[in-house]
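J.: If you're matching them up, the sequences are chains A and B in order.
One rule links them: number in my numbering = place in the first sequence (from 1) + 171.
One rule links them: number in my numbering = place in the second sequence (from 1) + 171.
In short, the hints are calculated from the structure, not lab data.
There's no promise every hint is true.
Because identical chains share one entry, a pair is satisfied inside a single copy or across any pair of copies.
Within a straight-line C-alpha distance of at most 27 angstroms, the following computed BS3-like cross-link-like pairs (lysine-lysine) qualify [stated by the list, open to error]:
hint	residue 1	residue 2
1	K183	K470
2	K481	K509
3	K533	K451
4	K300	K509
5	K550	K451
Note that the structure is predicted; figures quoted are calculated from it, not measured.
2 protein chains.
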Amino acid sequence: MNLASCTTEQLKARLAELNDRHAAYEALGLSLNMARGKPGRLQLNLCNGMLDPALLGDFLASDGTETRNYGVLDGIPECKQLFAELMGVDPALVVIFGNSSLCIMYDLIAQYMQFGAGGTPWNQQGKLKFLCPVPGYDRHFAILEQFGFEMIPIPMDENGPDMDAVEAWAQDPSVKGLICVPMYSNPTGVTFSDDVVRRFAALRPAAKDFRVFWDNAYCVHHLTDTPDHLMNIFDAARAYGTEDHFIEVVSTSKISFPGAGVAAMAASPANIAAVKARMKVQIISHDKVNQLRHVRYFKNLAGILEHMEKHRALLVPSFNAVLDAFEENLTGIASWTKPNGGYFISLDVPEGCAKRTVALCKAAGVTLTGAGATYPHGKDPADRNIRIAPSFPQQDELCKAAEILCVCVEKAAIEKILSARSE
Amino acid sequence: MNLASCTTEQLKARLAELNDRHAAYEALGLSLNMARGKPGRLQLNLCNGMLDPALLGDFLASDGTETRNYGVLDGIPECKQLFAELMGVDPALVVIFGNSSLCIMYDLIAQYMQFGAGGTPWNQQGKLKFLCPVPGYDRHFAILEQFGFEMIPIPMDENGPDMDAVEAWAQDPSVKGLICVPMYSNPTGVTFSDDVVRRFAALRPAAKDFRVFWDNAYCVHHLTDTPDHLMNIFDAARAYGTEDHFIEVVSTSKISFPGAGVAAMAASPANIAAVKARMKVQIISHDKVNQLRHVRYFKNLAGILEHMEKHRALLVPSFNAVLDAFEENLTGIASWTKPNGGYFISLDVPEGCAKRTVALCKAAGVTLTGAGATYPHGKDPADRNIRIAPSFPQQDELCKAAEILCVCVEKAAIEKILSARSE
């Protein structure tokens with residue numbers, strides 16, 4: 172259906188239908204949630220075997236470290252090895268943390284503010300800027316906001332961020348870096364092309380303490396038989412001698428358990444040395460028993476990839492339920508992504524309709540990520556983008572939520588057209 | 172033996188004996204360690220039952236929270252309740268973190284540097300000072316050193332820090348706080364008296380953003396039937412309206428597992444709100460499965476206290492082995508504490524002999540905490556204090572290490588006297 176070509180009478184009639192349906196949903200008192208990229212319960216169950224204490228044996232790591240006791244700042248060797256395989260780097264360039272990659276990035280930015288990134292502390296350099304590919308991840312923006320950065324939105328297309336814009340902004344010495352999800356990006360599902368990765372590697376920023384946070388949250392989170400491939404940023408950077416610009420983080424939050432996983436970073440020798448110099452004062456060691464548990468269960472990258480197939484089998488029907496509903500109900504009204512991996516569908520409703528859609532959904536018992544959340548300060552200039560997270564609800568609830576969402580999108584779109592025509 | 176009253180010939184004869192014994196130890200190539208407060212393997216085994224997945228049941232916390240998934244920033248309710256009992260505070264004033272109370276303190280100081288403690292950020296207030304009861308904990312000093320504080324040593328006596336000195340220094344607005352272990356203090360074993368705790372509560376510091384880090388690491392770590400009692404700092408502070416001055420931290424590092432425990436803080440409503448405002452941007456949640464594991468295993472404070480009796484049964488023979496060796500070999504030569512709890516014996520060797528003793532021990536295969544470690548910047552002005560940690564070695568190794576230590580103390584002491592007499 173092409174709403175713009177409908178007569179006002181046709182639209183009013185359709186709106187009346189949609190209003191009736193929306194009122195009926197409201198009366199149901201539903202509580203459905205497509206707001207956050209949370210795994211569903213069946214996904215959580217996939218990894219329960221990891222909690223078998225028999226796996227832990229005598230609690231000794233491969234180098235004889237007693238994992239239950241103090242010690243080993245940067246992680247047990249076999250856990251560093253596992254994450255090194257996951258990120259395609261030397262294990263010596265990996266540090267294991269607690270359960271949160273977000274916390275790794277937060278703490279690193281706090282460190283750079285206070286102690287600098289090899290130069291003057293960032294908090295002594297006046298007002299600073301960070302580049303933010305949009306639409307992007309709200310929690311990234313929240314960190315930058317808390318530390319007082321001016322956030323510069325960089326448009327994303329199907330290849331990744333607009334690198335012309337990145338290169339131009341990087342000439343500003345107050346631009347200290349960029350934060351992104353390079354594979355199955357949150358929320359667009361885009362994987363940065365080889366050309367984009369190479370242009371990142373080739374960047375010659377004015378700031379000598381420039382840092383790109385490469386949040387590789389979905390590095391093995393494929394949804395198809397023909398998964399995307401992300402060029403290894405450190406391999407690319409080595410050719411240009413720019414390894415110091417990049418901080419990669421990953422976690423098992425959506426591999427094992429979001430509430431009890433393991434997170435890690437990879438970086439250049441200089442950046443690893445700097446983070447260890449901070450950490451040796453901050454903590455004695457992160458949870459090494461959980462590190463051992465993860466390694467004993469997954470064994471290696473092949474073990475993780477095999478496990479991810481089980482997640483995929485559970486996630487694909489959820490993604491398809493939403494995509495099918497969109498195809499059936501929103502063709503010609505909205506546009507959306509069909510990701511090859513990750514956790515989100517990025518829905519673009521007609522301009523000026525995102526907030527209204529989210530509010531209508533809320534009233535009908537469906538919680539979505541807040542409109543605007545995918546932009547810095549929660550402000551989507553076109554009020555158009557909504558991030559859809561299909562993973563958490565059970566299939567029947569998800570179908571109902573998608574159905575309601577479609578009604579709300581169409582209702583908001585028609586209201587907008589009618590309002591414009593009456594002006 | 173009183174060395175000072177011995178003739179030079181007597182001392183030389185004794186030194187020759189000690190030199191022979193020391194050389195014999197060197198030849199053994201031993202590797203014994205009394206440096207850190209690490210639980211021994213038998214202690215670690217006490218808690219293995221906590222790893223039984225049957226304890227976790229359906230992974231649901233008391234409020235229905237799925238612990239394996241994202242969510243619940245400040246900890247599951249029953250874990251907050253457990254730590255509230257441990258600290259004697261309202262559960263609403265507890266936040267659960269990862270496995271490290273050191274990390275809680277580090278991150279709070281980082282927060283105060285960057286964002287302030289209710290006022291101007293600390294890092295915009297020029298050179299700042301922190302009060303450090305001595306002898307104290309080297310990792311506390313390391314945090315303050317990394318953030319650039321001037322550390323003011325405050326002498327400890329059997330009642331706690333010299334409160335006249337604390338009150339006087341608190342009149343300096345550049346003094347931002349104090350960091351201490353109020354119960355079974357590291358390394359002296361002193362528990363602050365009620366009078367000292369009341370004087371802390373009554374402090375009216377010049378700095379409005381003054382903070383006392385109350386590192387209650389050994390709150391249930393008794394070694395006798397007549398344990399010390401520490402007055403509740405928040406109860407005391409409430410009477411003076413000074414709750415905002417205090418941050419209490421505890422952990423299960425030496426209750427369950429140092430490498431896989433749970434840590435928590437308690438603070439005033441304003442301080443809890445401020446830390447949550449930071450955390451909600453830093454992390455989604457700490458490891459909630461580990462929180463659930465701890466609560467299901469210990470159940471409540473009574474369960475923890477019962478468990479601590481098992482630790483005590485293993486620790487008392489270790490402490491006694493060292494204390495007996497000191498009594499037998501060092502009476503009249505050195506002085507030491509006989510703690511009612513905690514993890515350390517604080518040994519005072521003759522002035523100017525600590526570094527030499529530690530070096531002699533090292534040569535004989537016994538690693539001790541570095542001389543000076545119990546003072547800011549690792550500088551003990553009298554070169555006298557050595558922290559002894561008896562928990563980690565097995566009993567036979569411990570007896571050997573204590574024997575060697577006694578030889579080294581006496582040897583260093585005699586060398587010192589002979590050197591003075593020859594000048």
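J.: Indicate, hint by hint, whether the structure satisfies it.
T.: To see whether the hints hold, each was checked on the structure:
1. K183 x K470: neither (60 angstroms within a copy, 62 angstroms between copies)
2. K481 x K509: Intra 20 angstroms, inter 58 angstroms, cutoff 27 angstroms: intra-copy only.
3. K533 x K451: Answer is between; shortest inter-copy Cα gap is 23 angstroms, intra-copy 46 angstroms.
4. K300 x K509: So K300 and K509 fail the 27 angstroms test inside a copy (32 angstroms) and across (57 angstroms) alike.
5. K550 x K451: Between. Shortest inter-copy distance 20 angstroms satisfies the 27 angstroms Cα cut-off; intra-copy 39 angstroms does not.
Hint violations for this structure: numbers 1, 4, all remaining hints satisfied.
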